[in-house]
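Enquirer: Take a look at the letters that make up each chain.
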Amino acid sequence: MDLGYSESELAYRDEVREFLATRLPKRIANLVKNGKRLAKRDYEEWQAILNARGWLAPNWPKEHGGAEWSAVQKHIFEEECCIAGAPRILPFGLGMLAPVLMKFGSEQQKAHYLPRILDGTDWWCQGYSEPGAGSDLASLKTKAERQGDHYIVNGQKTWTTLGQYADWIFCLVRTSSEGKRQEGISFLLIDMKTPGIEIRPIILLDGEHEVNEVFFTDVKVPVENLVGEENKGWTYAKYLLTHERTGTAGIGFSNAALAHLKSIASTQMKSGRPLKQDPYFAARMAQVEIDLEALKTTNLRVLVQADSGAAPGPESSMLKIKGTVIRQEINDLARRALGPYALPFVSEALDEGYNESPIGPHYANPIAAEYFNNRKLSIFAGSNEIQRGIISKTKLGL
Amino acid sequence: MDLGYSESELAYRDEVREFLATRLPKRIANLVKNGKRLAKRDYEEWQAILNARGWLAPNWPKEHGGAEWSAVQKHIFEEECCIAGAPRILPFGLGMLAPVLMKFGSEQQKAHYLPRILDGTDWWCQGYSEPGAGSDLASLKTKAERQGDHYIVNGQKTWTTLGQYADWIFCLVRTSSEGKRQEGISFLLIDMKTPGIEIRPIILLDGEHEVNEVFFTDVKVPVENLVGEENKGWTYAKYLLTHERTGTAGIGFSNAALAHLKSIASTQMKSGRPLKQDPYFAARMAQVEIDLEALKTTNLRVLVQADSGAAPGPESSMLKIKGTVIRQEINDLARRALGPYALPFVSEALDEGYNESPIGPHYANPIAAEYFNNRKLSIFAGSNEIQRGIISKTKLGL
Amino acid sequence: MDFDLNEDRRMLQDTLGRFLREQYTIEKRLEFAQSEQGYSSQMWQQFADLGIIGALFDEKAGGYGGHGDDLMVVFEQLGKALVVEPILSSAVLSGTILSSLNSDLVEQIISGQTQVSLAHLEPESRYDLAHISASAVQDADDWVINAHKSMVLGASSANRLIVSARTGGEANDENGISLFLVDPMASGVELRSYSTIDGYGAADVFLVNSPAQLLGDKDKAFALIELAHARAIVAICAQCLGACEVAKDMTVEYMHTRKQFGVIIGKFQVLQHRMADVLIELEQMRSSIINAAGYLEDGRILREKHVSAAKNLIGRAGRQIAEEAIQIHGGIAMTWEASVSHYAKHIIMIDHLFGDTDHHLERYIELN
Amino acid sequence: MDFDLNEDRRMLQDTLGRFLREQYTIEKRLEFAQSEQGYSSQMWQQFADLGIIGALFDEKAGGYGGHGDDLMVVFEQLGKALVVEPILSSAVLSGTILSSLNSDLVEQIISGQTQVSLAHLEPESRYDLAHISASAVQDADDWVINAHKSMVLGASSANRLIVSARTGGEANDENGISLFLVDPMASGVELRSYSTIDGYGAADVFLVNSPAQLLGDKDKAFALIELAHARAIVAICAQCLGACEVAKDMTVEYMHTRKQFGVIIGKFQVLQHRMADVLIELEQMRSSIINAAGYLEDGRILREKHVSAAKNLIGRAGRQIAEEAIQIHGGIAMTWEASVSHYAKHIIMIDHLFGDTDHHLERYIELN
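Here the protein sequences line up with chains A, B, C and D, keeping their order. For reference, each letter of the first sequence is one residue, going 1146 to 1543 in this note's numbering. For reference, each letter of the second sequence is one residue, going 1146 to 1543 in this note's numbering. For reference, each letter of the third sequence is one residue, going 161 to 528 in this note's numbering. For reference, each letter of the fourth sequence is one residue, going 161 to 528 in this note's numbering.
Derived from the structure by calculation, the hints contain no laboratory data. Beta carbons: idealized from backbone N, C-alpha and C, even for Gly. A portion of the hints provided could be inaccurate.
Below, in silico cross-link-like pairs of lysine to any residue (SDA-like), each with a Cα-Cα straight-line distance of 20 Å or less [what the hints assert, rightly or not]:
no., chain 1, residue 1, chain 2, residue 2
1, D, Lys427, B, Ile1535
2, A, Lys1185, A, Pro1236
3, D, Lys188, B, Ile1348
The following residues of chain B were derived to be distant from chain C, with all beta-carbon distances above 10 Å [claimed, not checked]:
no., residue
4, Glu1154
5, Val1161
6, Val1177
7, Gly1180
8, Gly1265
9, Asn1299
10, Ile1342
11, Leu1386
12, Ile1466
Please model the entire structure based on the sequences and the hints provided.
Expert: What follows is the structure, given as structure tokens:
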């Protein structure tokens, strides 16, 4: 057993740090660190920089332009990026669709789509969730009927993150109503510019436009946009959901959030001393830090095992639950740390150009909104209740 | 709305205090306060004193020798008794069997048994639970077959508290296996001296003998010992379980336990000051005190409502859950408060006669055992899970 | 001992409840909150006309209530509708102070004519009522104030401000704090107005050499400020309870209708048990408010102990209830469109008004 | 980065695990614990013969292990069987000290010939390792000690005691503490022996003018005492993990077999989800022990931070797991007869050894 990084891992970490220090635009890092809104071009700018370095697709094999990193390397990269204030890498094309295409797509599909994902030509969004389905994904209703060389798609998708920027959407659609619910599902790639697609914003509880509804009315999709076989989409869907392991625990995000919390607690004064010296608040912070330190090791243990070929399975459910509980707790503490100044909220102050003086401390404005926004963590991507069910079924045999 | 006690309630409280100050034997109060074992005679002595004053049966109507107190009076009495260190009044005859007899028993049964409960002639124990039944009471298997003027009882009861002292046991027995499980149950009174009854101790996790198993082998019970009608026992059983409301929340016990905890925390030193001044420990104590203060009011609200005729129903489930959670939390804090001296446990030191010097502080010995013993609170008398089910069904309609 | 409301209060409860259900839908509330002014002047006047404001003052002050029970009854109903009109700041925070000083502004507040806001806490105060640095100096017969007051509820629409400032003592002394009446139009007064994340109007108020009129005794205002906050805490706790009840009702309703895996989610035992715990906490909330309301007119220690107990318990229970409401609703609760999200936001953010869970736990320990 | 055990340790784990499963049933354990001596001399010797004790010392000291991993592997297995033989006190607490000082007692400990107990904490110390009042004075060439030492694990059967006492400084100084070797048969030494509520042998030790022999440097023993406790904490945490795993297994097994209302209780979603949380906490426990074990040989701050983190996490998770095990088992878990009750008792009471959850949380904050 050896807890430390190997020499080559340490060298790699230094390389990542050096890269971030020199190539991550200060402007973008400042937006991230100050909880500002990111525009489409901010994501694109950063992803282009990563792609130029060959680091945009840690999971991809080298033949497709990926970095083919080990689990530990991905972990290091994620941690360093979060601490440096890099924007998150949007997973829709890179982490979700691409693995499906590589495993189940035709040669043509791979040759066409993969390079365009890497170089940013196509911005992808996901068409999994439907209204009324929630965590019960297989109950989806969006229908695709074969008519000659096309599918005619009708239905509605929802929770489509950043769909407002997307060029393409990958969709789960129902191509058959026979057999079990899981059996009539297919996996389609749809150009967002196709007539009959309408996208409507969903405004979140903090007033933000991050997700969307997408409506399909007689949308014509060429049959060559089918991935794999018709009615086999459920297999691909599950592959997609279980493929992306790195990051389930959100260690990098929690690290960055905890560091931010600590700096807030050093500045905020309570009874004449910094809040971080308040025994009760310090105890709460220490407890979540202890949990996070343990989760880092739990996460690495799972990753190292996954690298050595063992399937992660329910372990990722454990990481998801504990990871979200910890992150939400940190968000809650940050909200508390602010005292009364958690209350004022000026939406425009989240824009890059805003330059009026802040209300209260300069870091205050986004904090409560983040707390509310991150309640989603325990709901989306399979609610924590669903995850507990998976653990109970697979690990306990119940 | 008026939170204070009325003048007559205050006068009554003074009367109770005066009575406890003068009539509760110091010897017994010391046993209780020091967590010592109580012998059969200790219970009997105290109950005789209460009976002499006419206060042994707060719930009983005056015609049967009860006190016929209001809910608030009973609450006051319970609180004062606990603080004074009075032994608990054993509920088996007084609080459980008697109400059933009064409502469903024959005139003969009432005339015979009720006075003997009051004057201590008969020590009753309960024969409800069976091994394997747990909170699913209706699954009971002990059988009573009618043979002429007798029932022949075969089976086993368990968790019979202080059954080792009992003269009589009231039992739920199966007299029919037809229809729903609830329909073939009868309510029998059985003399513990009847041949065929064997009682065996169950040693609890703290080494104590508090509960028993009772085995019935061809036990002959006269038919006149049947309460009410044959096969209607489930109705009586449920009446028994829902009748006794006062005390569900265990306010008096929690009050006394919290007072004890505070005195321990004043004595125990941590980093050169009393533990109660440690911010983190003080916060835990304050939080449970705040919860208890609110529960006192919740309890009184339910009691006052019950007095005015509204049926308590699921409210008693709420009181049971929150009351046990609070009491267990206080027990947990007391255990923590002791530090390393929570560990030593000398069983003989629980006996009245023990007079070796204590190990660690004089109050230490029973504390960890109490913590373990009181884990039962959330299990017995309908586990907290069962109670949540009741609330969900009745209050939420789910 | 009696936990029932008297006849008058039951009527008040019914009238206000009915009015809000009919007139104050969530759509209207959001519209009011997002309007330029941040609330509806028409509603404000209607609350006054209905006697809702008068119910928060005692007869001596020209009202017909003013006890803890009245605060409880009114604000529970206001919480159920997430009412944004600045009743708390005018009628409770300022109202308590003004009626104690027999100010003739009270009559105008009750009639709806005037709004008054209390500008007390400052950026460095956190929740500490004695941590005041603003200074007031006497200049001939007049007083002149320099101050930065933070999170002043209802400030933008207030016709008058009550501003606290030091006339003696150090930043943390209870002694040496005085109260002043300030015209928001007076020289040197500037407001930085904003909305809170849960939709209520507030402002940071800056005073630079602003003229002010002394209210009550010089140096001795702390006790009155503390009393005003005690009453405001009872009110906001009741408001939180009202909001929690609605959030609970919405969640139970959702559990009865929303299906997953072919069954209503209310059939899932895990959710049932969690909602059972929510019901218990709601009863506990109510009890703690009853205690705090019932001891409002008692001695300081008893009153403040129960006030801090209530605010602590409500902070904890509120968080639990709001987070369960969101979690059980799932994704839909994350949207602006879902009413439950607005209830959840308010329930959580109440923790940041007048001292949070931790502040009041510590205070409870000190008072013990 | 590598989380796998090496070949030697895997063998050690397998050998010890198999031995315990076959030889150390719960019935035997209860018999040993309730015997006059409080453990089995035969088992003690067998552990020595199997090399279990030697595995806790490094090669320099005549063992063949002694690293954090070894502690983890051995004590997790000992925890699984609730082993009562005083390995912790002899081989870890005393062993760490003696091997650091190159004492020839180590060889006898490894062979099973000798047991040594560390008598360090006192009734007023609570969990504070520096809070020592016992005094040692030099009388010609000899040292004489006066002390009351509390909760000395394994004291009754120890052939030698290591006793800490002040040779300088005040009650809370880290400086001025020295260690002494004491013969329990020497004059003035008295033991008040007892069993802990979870079945382990301990004693309060009284020394009145007892002769003693200085161990190591005068006044400078604190660092060594802290190191011994760091290693003991890793050991006891691993022991707790082992016990928790068994408690979890028993509970899962019970959920598969116990029926209520006609179905196995494992079908109840509420219990499923709570057990899922238990599984998560078990992984977290293991991770925190891996961290603490892995940093045992690093610098003090890093080592102690991870040690305190582990003890804190294990205290919290242990309580959750033990209480769930009892609650899910229901009434049966309240009985002596049910093995799970003995596991639950030990898991909970470990919190009282070497500093509890709160103590280590505070310490973690201080070390940060």
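Enquirer: Hey, Lys188 (chain D) versus Ile1348 (chain B), does the alpha-carbon distance stay inside 20 Å?
Expert: OK: Lys188 (chain D) and Ile1348 (chain B) at ~18 Å, within 20 Å.
Enquirer: Does the claim that Leu1386 (chain B) lies outside the interface with chain C hold up, using a Cβ gap greater than 10 Å?
Expert: holds (18 Å)
Enquirer: Could you check that no beta carbon of chain C comes within 10 Å of the beta carbon of Val1177 (chain B)?
Expert: holds (26 Å)
Enquirer: Beyond 10 Å from every Cβ of chain C: is that where the Cβ of Val1161 (chain B) lies?
Expert: Check passes; 16 Å lies beyond 10 Å.
Enquirer: Could you check that no beta carbon of chain C comes within 10 Å of the beta carbon of Asn1299 (chain B)?
Expert: holds (36 Å)
Enquirer: Quick one, are Lys1185 (chain A) and Pro1236 (chain A) close enough, alpha carbons at most 20 Å?
Expert: This hinted pair holds, its Cα atoms lying about 14 Å apart.
Enquirer: Is the Cβ of Ile1342 (chain B) farther than 10 Å from every Cβ of chain C?
Expert: Since the minimum Cβ distance to chain C is about 39 Å, Ile1342 (chain B) lies beyond 10 Å and the statement holds.
Enquirer: Does Ile1466 (chain B) sit more than 10 Å from chain C, CB to CB?
Expert: Per Cβ check, Ile1466 (chain B) is inside 10 Å of chain C; nearest 6 Å; violated.
Enquirer: Does Gly1265 (chain B) really sit off the interface, with its C-beta more than 10 Å from all C-beta atoms of chain C?
Expert: holds (33 Å)
Enquirer: Regarding the assertion that Gly1180 (chain B) does not contact chain C, is the least Cβ-Cβ distance greater than 10 Å?
Expert: holds (25 Å)
Enquirer: Would the pair Lys427 (chain D) and Ile1535 (chain B) pass a check requiring their Cα atoms to be no farther apart than 20 Å?
Expert: At roughly 18 Å apart (the allowed maximum being 20 Å), Ile1535 (chain B) and Lys427 (chain D) satisfy the hint.
Enquirer: Glu1154 (chain B) clear of chain C by more than 10 Å, beta carbon to beta carbon?
Expert: The claim is violated: Glu1154 (chain B) sits with its nearest Cβ about 7 Å from chain C, within 10 Å.
Of the numbered hints stated above, those contradicted by the structure are hints 4, 12, listed in ascending order.
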